[in-house]
Each structure stands twice: as C-alpha cells, then as structure tokens.
Amino acid sequence: MATKAQNRITPLTIISFALVAIWLIIAAFPFLWTLWGSFKVQSDFFSKADWRNAFYGINTIKETGSAFTGAGYHGAWVQEEFWRNVLNTGIVVFFTVVISLTFGTLGGYALARSGFRYAFWILMAALVFRAMPHITLVSGYMLPFFEWNIWGLLPTTIIVLVAINQPFTLWMLHSFFLNIPKDMDESAMVDGCTRFQAFRHVIIPVMWPGVVTTGLFSFLLAYNDFAVTSMLLSAENETMVPAIASFLGTTQVQGNVMFAVAAVVSATAPLFILILFFQRQIVSGLTAGAVKG
Amino acid sequence: MKHRTFLWFILPTLSAMILFIALPIVSVFIQSLHVGHEQVIVVSESCGPFGCTPTTSIDLEATAKLQDEQPLGKFNGLSTYTNRSHLAFQELAEAWRTTQTFGEFWDQVFNLPFYRALIFTLTYTAVVTPMVIALGLAIAVGVNNLPKFLKGPSIFISLLPFLVTPLVGSLILYWMVDADGVIGATLQNIFDDPSLSLKASTALTWVMLIVYGVWHMLPFSFITFYAGLQTVPEDTMEAAQIDGASKWQSLIHVIVPHLAPLMSFVTLMMLMDNFRVFEPIVSFSAEAHATSLSWIIFNDLRESGNPLYGSAGATSILTVIGVVILLTPVLIRTWRDFNRKAH
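Here the protein sequences line up with chains S and P, keeping their order.
Note that the working numbering has the first sequence beginning at 1, numbered continuously upward.
Note that the working numbering has the second sequence beginning at 294, numbered continuously upward.
Hint data in this document are derived by calculation from the structure and do not stem from the laboratory.
A portion of the hints provided could be inaccurate.
What the hints assert, rightly or not - The calculated DSS-like cross-link candidates involving lysine-lysine, where the alpha carbons are at most 25 Å apart (straight line), are:
id: 1; chain 1: P; residue 1: K444; chain 2: P; residue 2: K367
id: 2; chain 1: S; residue 1: K48; chain 2: S; residue 2: K62
id: 3; chain 1: P; residue 1: K492; chain 2: S; residue 2: K48
id: 4; chain 1: S; residue 1: K182; chain 2: P; residue 2: K444
id: 5; chain 1: P; residue 1: K358; chain 2: P; residue 2: K441
What the hints assert, rightly or not - Listed below are several chain P residues computed to face chain S (Cβ distance under 7 Å; list not exhaustive):
id: 6; residue: T306
id: 7; residue: V321
id: 8; residue: G396
id: 9; residue: F398
id: 10; residue: D400
id: 11; residue: T517
id: 12; residue: G537
id: 13; residue: S543
Ideal Cβ positions, reconstructed from N, Cα and C, are used throughout, including at glycine.
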C-alpha cells in the first residue's frame with residue numbers, strides 16, 4: 001500500500017523523472033527524425049542553413065511540389081533493387097531461425113536433463129564461443145570456403161549463422177528446459193516411452209513459449225548481422241545490412257544519400273513491428289538468463 | 294540421461310559448433326602462421342635502338358600456379374605476430390630507447406596499428422560498460438516509479454536503440470551529427486564555427502563512438518535492472534523505511550545490494566559485446582581516428598583481390614586471447630560454483 005510518505009515529491013523523484021524523460025527523447029528522437037526526413041530531399045534532410053528545413057521541407061516543396069516525397073524509397077527499392085536484398089534477408093533469417101531452434105531445442109533439452117560433468121563443459125565452451133567476436137571466426141571461413149567454391153552462397157551463410165547462434169540458443173533453452181519439471185518426461189518414460197518419445201509427446205507441447213522467445217533473439221542475430229553477411233555473400237546474394245553499407249560507398253558519390261536513408265528506414269520497420277507485438281517475450285528473454293543467475 | 298541418448302540429442306548443435314566455431318579458430322591459427330606469396334618476378338632484357346635495359350615484370354602465370362599449389366601462402370612461423378602491424382616488439386623497443394618522456398613513447402605506440410586498435414577497444418569497453426550500468430540503474434529506478442500506464446510505452450521506446458541493427462543505428466546517429474545533419478549543423482551555428490566537425494578530431498570521434506555505445510547498450514542494463522527491481526522484497530523496503538531510511542538511503546543500502554548479482558551478469562554481457570565493437574566504426578567512417586580489433590581484421594580481409602589472411606589470422610588469434618583473458622574471472626567463478634554444487 002502506497003503511503004503519503006512514499007508518494008511525496010522530493011528533488012530525487014524529480015531528477016529521476018527528468019532522467020527518464022531525457023532518455024526516452026534520446027532513444028526515440030533519432031528514429032522519428034530519420035523517418036520524417038526520409039520523405040524529404042537531400043538538401044532538406046542534410047540542411048546546412050537551417051535544421052527547420054528538414055522539418056517543413058522547404059526545398060522538398062521547391063523541387064517536387066509537395067512537402068513529402070517518396071523519391072528516396074523509389075530510388076532504393078526500384079532503381080537500386082533493394083527488394084532483392086530484402087528477399088535474401090527473408091530467406092537467410094527464416095532458415096537460420098528454423099534450423100537454430102531445431103538444433104537448439106534438442107541440445108538444450110539434453111543439457112538440461114544430463115547431470116554429467118561433460119554437460120557443464122559443453123555449456124562453458126558455449127559461453128566462450130558466445131564471446132568470440134564474429135569477425136575472428138569469419139577470417140577462418142574465407143579461405144576454406146573459397147577453396148571449396150562455396151563462398152558467396154546463401155546456404156553457406158545460413159549454416160554459419162546457425163552455428164554462431166548455437167551458443168546463445170543453447171544457454172537460453174537450457175535454462176528454459178530446467179524450469180520444466182523433470183517428473184513430466186520421466187513419468188512418460190516410466191510408462192514405457194523412449195527418451196525421444198517422451199520429448200516428442202510431453203516436452204514439445206509445452207516448450208513453445210521458450211522457443212518463441214529464443215526464436216526472437218535468433219531472428220535478431222541473423223537480421224542484424226553485418227560481419228558475417230558482408231564478408232561471406234557475393235554481390236547478388238547480399239542481404240539488407242551489407243547492401244546498406246555498400247549503398248554508402250556508391251550513393252554518396254552520386255549524391256543519392258536519400259536512397260540509403262530510405263533503405264535504413266525500410267530495414268528498421270520490421271524490427272519496430274517485432275517489438276510492438278513481442279515486447280513481453282523480448283523483455284522476458286533479456287532477463288531470463290539474468291534472473292536465473 | 295544415458296550417454297548414448299545424450300549424444301544423439303546434442304549431436305546436431307555440437308557438430309555445428311565444432312565445424313563452424315572451433316575448427317575456424319584452428320584454421321585461423323594455421324593461417325596466421327603463413328604469409329601470402331610474393332609475386333614471381335622475371336627480369337628480361339628489352340633491347341631497343343639505344344642498347345639493352347633490364348625490365349622486371351610479374352609472371353602472372355607462375356604466380357597463379359604458386360597460389361594454386363599452396364593457397365595458404367608460405368610458412369612464416371610467428372613472424373606475422375611480431376611484425377609492425379601486430380605486436381611490433383622491435384618498434385616498441387625502439388620507441389622505448391629513443392623517447393625521453395612517457396608521453397612521447399605513448400605517441401609512438403599509438404601509431405602502431407595493433408596497439409591503436411587495442412587502446413581504442415579497451416577504452417571503449419572500459420568507458421561504456423560502467424556508464425551503461427550506472428545510467429541503466431538510474432533509469433530503471435525512474436521508470437519503476439512511473440505511473441503504470443507509462444511503463445509499457447517507456448519500455449517499448451527504450452528497446453528500440455538496443456534491438457536496431459547496429460550498423461543502421463549508428464548510421465542514423467551519424468547522419469544527425471554529420472556536418473550537415475541536424476545536430477552537427479546546429480552545433481556549428483551555436484559555436485559560430487563553420488569548420489567545426491565532430492569527425493575531424495580524434496577526441497570528438499571517440500566521444501561520438503562512446504555516446505553511440507551507451508545509447509545502444511543502455512536498454513539492456515535498464516531492462517535487466519527493471520526486472521530485478523520487481524523482485525525487491527517489500528518487507529525489507531518497509532523495514533528500511535520504518536528505521537527512517539530516506540529514499541536515497543534505501544536505494545543505496547537495499548536496492549543496489551539486491552541487484553548486485555544482476556550487475557555481474559550485465560557486466561559480463563557488456564564486456565563481451567563491447568569488446569567486439571565494430572559496426573559503428575564502419576558507419577561513422579571513423580577509421581582515421583579510431584579503429585578496433587574487429588575493424589582491423591575486417592580491413593585485412595577486405596583488401597580487394599588480395600586479402601591478408603595471415604595478418605587477419607594473427608589479429609584474430611590475439612583477439613581471441615584477449616576475450617579469454619576477459620572471461621577468465623567469470624569462468625573461474627562458474628567452475629567454483631559448479632564444484633560447490635557437485636559436492
């Protein structure tokens with residue numbers, strides 16, 4: 001029960017509210033600004049004279065006749081064929097998530113149910129692997145992949161992303177399966193199921209909340225990756241993030257920075273929707289590892 | 294679980310990790326012991342009306358053949374590790390001998406690519422991590438005191454900088470601080486200095502990258518601490534209040550100790566993620582003023598047409614050693630915990 005003393009406004013409360021307010025502005029403003037600016041022309045969004053140009057779109061009206069223009073989006077999606085990169089990202093992300101979760105649930109379940117010492121060592125190795133900067137691994141892939149002629153292909157990148165994803169997926173699902181009572185699958189085994197049947201008929205029906213949460217993070221890892229996709233994909237198989245990076249090189253020369261701005265907004269939109277629908281799962285996933293220790 | 298069943302369950306994930314994480318580390322190590330072939334040079338005499346002159350040309354065929362036969366390059370031992378681009382022992386000793394003051398020595402060290410990257414990576418990690426933890430805690434406490442209907446939207450907004458693609462997030466900030474961007478241009482107007490650019494000075498570039506790092510990572514510590522705050526026992530809080538503790542005192546003496554285990558978890562995750570700082574340097578095109586270990590590996594591999602596998606491999610191995618050193622305290626603690634539980 002809140003008492004008067006707790007609700008009294010002290011300087012401390014004011015400072016802490018002000019801090020939250022400032023943080024929320026700093027967190028949200030860059031996104032709103034870029035979204036708004038992506039519908040302007042370059043001389044407005046990058047206006048040396050007056051930042052208010054980007055707000056009102058003075059030059060946009062002069063050049064296009066209206067305060068908003070889709071020229072950046074047209075340039076990125078049609079002229080630079082950004083839709084190809086979006087499609088590639090879709091393929092890479094979908095298969096990475098599905099395969100990671102399949103491998104991860106099997107492994108995580110086994111680690112959660114095995115009391116042997118080697119299970120601990122696998123988890124420790126996974127922790128060290130989780131800490132490896134991705135680019136260090138990439139430098140190990142390049143030469144063999146070139147030799148075997150599998151460099152630049154989508155399946156190669158998918159399997160690499162799956163592997164890089166495994167340490168995290170294993171830890172997450174391992175701690176999730178620890179929370180499913182052992183009695184459930186063990187009683188099924190007493191009734192004559194094999195270990196795999198118990199997993200199939202008892203564990204799979206109840207594991208979906210944990211799998212969805214883990215899947216969200218696998219999605220983010222595959223979607224946000226730059227180190228692996230930029231080094232391992234050939235130009236025609238490029239996904240969104242390396243495509244944006246290579247936009248920068250080419251478009252700045254041609255004065256089409258707005259293409260990159262539009263592409264950046266397009267790439268952020270799915271994440272925005274993801275957070276909108278899965279906020280609760282993301283928060284619980286972020287804290288799952290922490291709260292359990 | 295029986296060993297046999299365990300093996301079948303763990304097989305897919307374990308083979309993925311061995312094939313694509315453990316073996317690449319081995320492959321990186323082997324690469325780092327080799328160095329790319331030099332081009333095969335042939336000297337031929339070309340005779341003209343004014344006599345003969347020797348000309349050197351590259352024998353492309355022979356070079357390609359050599360490359361085909363030994364794709365790794367030729368064996369180089371540990372020399373790549375000690376050359377100027379990596380540990381640079383010779384240059385270090387030289388700098389130590391020739392410089393008078395510590396500052397001068399430092400300047401020389403800062404010009405060596407590996408140390409430059411290492412210094413930035415460590416500074417970035419060491420500055421961003423505590424700032425993120427302190428600010429995250431402060432904001433978590435603030436949001437926890439907000440009216441209920443504001444909590445959800447605040448968390449939604451806070452998640453954006455953390456979940457956005459790092460390359461994209463840093464680009465969004467970069468465009469704002471660009472000389473023509475909203476913040477960059479406004480700063481120029483305020484200071485009335487049209488040549489003021491955040492990109493032109495090393496110190497400001499570092500500050501910019503660190504600000505990005507805090508912006509990007511803060512939500513993680515905020516969310517974790519916010520979740521931790523929901524589990525602070527009410528009895529203890531009440532007891533503290535009855536004993537006359539002010540809000541500040543109960544924050545320091547009740548809440549912070551309660552969150553201490555979370556802090557070590559957040560620190561661990563921060564150290565791992567900040568140590569691999571990479572994308573913002575690409576987005577900010579900051580390489581003239583700041584490079585990180587990940588970035589110099591990327592740069593070696595990107596060398597168009599002629600990637601420096603040996604050099605990238607050596608830096609990678611040194612980075613991996615850095616990661617292991619960083620993780621040692623955690624690994625030792627987990628090992629002790631495990632043993633305590635086992636006995």
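Hint-by-hint comparison with the structure:
no. : hint            : in the structure
1   : P:K444 - P:K367 : 61 Å, violated
2   : S:K48 - S:K62   : 17 Å, holds
3   : P:K492 - S:K48  : 16 Å, holds
4   : S:K182 - P:K444 : 36 Å, violated
5   : P:K358 - P:K441 : 71 Å, violated
6   : T306            : 3 Å, holds
7   : V321            : 4 Å, holds
8   : G396            : 31 Å, violated
9   : F398            : 29 Å, violated
10  : D400            : 28 Å, violated
11  : T517            : 5 Å, holds
12  : G537            : 11 Å, violated
13  : S543            : 11 Å, violated
Violated hints, in rising order: 1, 4, 5, 8, 9, 10, 12, 13; the structure is consistent with all others.
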